[in-house]
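Colleague: Sequence:
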Amino acid sequence: MFSEWIELVVLVVVGFLSGAINAVAGGGSLLVFPALLATGMPPLVANVTNSVAQGPGFVGAAVSQRDDLKGTPRRLLWTSLAAGAGSVIGCVLLLVLPGEVFDAVVPALVGLSAVLMAFQNTIKRWLGHPDEGEPDRTVWLTVGIFFASIYGGYFGGARSVILIAILVLAVNDSMRRLNALKSWLGLIGSAVTFVVYALIAPVDWTAVLMLVPTTVLGGFVGGKIAQRLPATLLRYLVVVIAAGVAVYMTLD
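For the sequence shown, our numbering begins at -9 and goes up steadily by one.
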């Protein structure tokens, strides 16, 4: 009985930290996934439960950063459509592909996101960094968000890290506004996974009910913090989190 209470307290604390980290830089769900495994859940159950529980945290983050989404309706439309479609495909892939694919692909994708963020300025020079005020690279942006969302539907861990890496390479805008768009796209992807997994996946709803309130609160608090962080600091927070996630998943 005592150990069960400890598990509940840990899930509550980890849920809050996860929501806050997702709003600030991404990768917070990697705190929840091993915590769920530690309670004895099978990996598939832990993965889908984590994805469902993370969704409401993006509500808090998106609400607190909503003003930074204004003024770019075309960007918001195309990325939203790509995020929704990709997330549906990712959910389906998780339920039909063998676990060996999961183990092999995910660490590589997260590690790549760390490299993209660390060397984004160099890569932008290679690609031809647009002048201030020039339009987005809409095709690259839409395709990138689509594939990142397939990944997010397949495995929600560090989805935000990959989304922000794509945004900084394809969009000429402030880090603060890109971070707000990342939170919005995370909300769309989480809404899709919530519906799909709730209908056909083995979700542990007791764990979800423990995690949801704290991820919402953590997302709101983290969104406010993100608005006050310098762009360089925010970028390197993402790099550190992505690298740590990749190492953890490779060694696990």
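Just so you know, not all the hints are guaranteed correct.
Said to hold, decoys possible - Derived pair list, reagent style SDA-like, types lysine to any residue, alpha-carbon separation capped at 25 Å: (1) K60 with F136; (2) K214 with I(-4); (3) K214 with W195; (4) K60 with L199; (5) K214 with R167; (6) K60 with V211; (7) K214 with T196; (8) K214 with V53; (9) K214 with I140.
These are calculated hints, taken from the structure and not from any lab test.
Colleague: All hints, please: hold or fail.
Modeller: Status of each hint after checking the structure:
1. A threshold of 25 Å between alpha carbons decides the hint, and for K60 with F136 the separation of about 22 Å falls inside it, so the pair holds.
2. With a CA separation close to 29 Å, the supplied pair K214 and I(-4) exceeds the 25 Å bound.
3. Note on K214 and W195: the hinted pairing is violated, with a Cα-Cα distance of about 29 Å set against a maximum of 25 Å.
4. Taking the CA atoms of K60 and L199, the gap is near 32 Å; set against the 25 Å cutoff, the hint is violated.
5. With a C-alpha separation of about 13 Å, the suggested pair K214 and R167 falls inside the 25 Å cut-off, and the hint holds.
6. With a CA separation close to 21 Å, the supplied pair K60 and V211 stays within the 25 Å bound.
7. For the hint pairing K214 with T196, the CA-to-CA distance comes to about 29 Å; that exceeds 25 Å, so the pair is violated.
8. Between the alpha carbons of K214 and V53 the distance comes to roughly 10 Å, so the proposed pair stays at or under 25 Å and holds.
9. Under the criterion of a C-alpha separation no larger than 25 Å, the hint pairing K214 with I140 is inconsistent with the structure, at around 28 Å.
In this structure, the hints that do not hold are numbers 2, 3, 4, 7, 9, in rising order.
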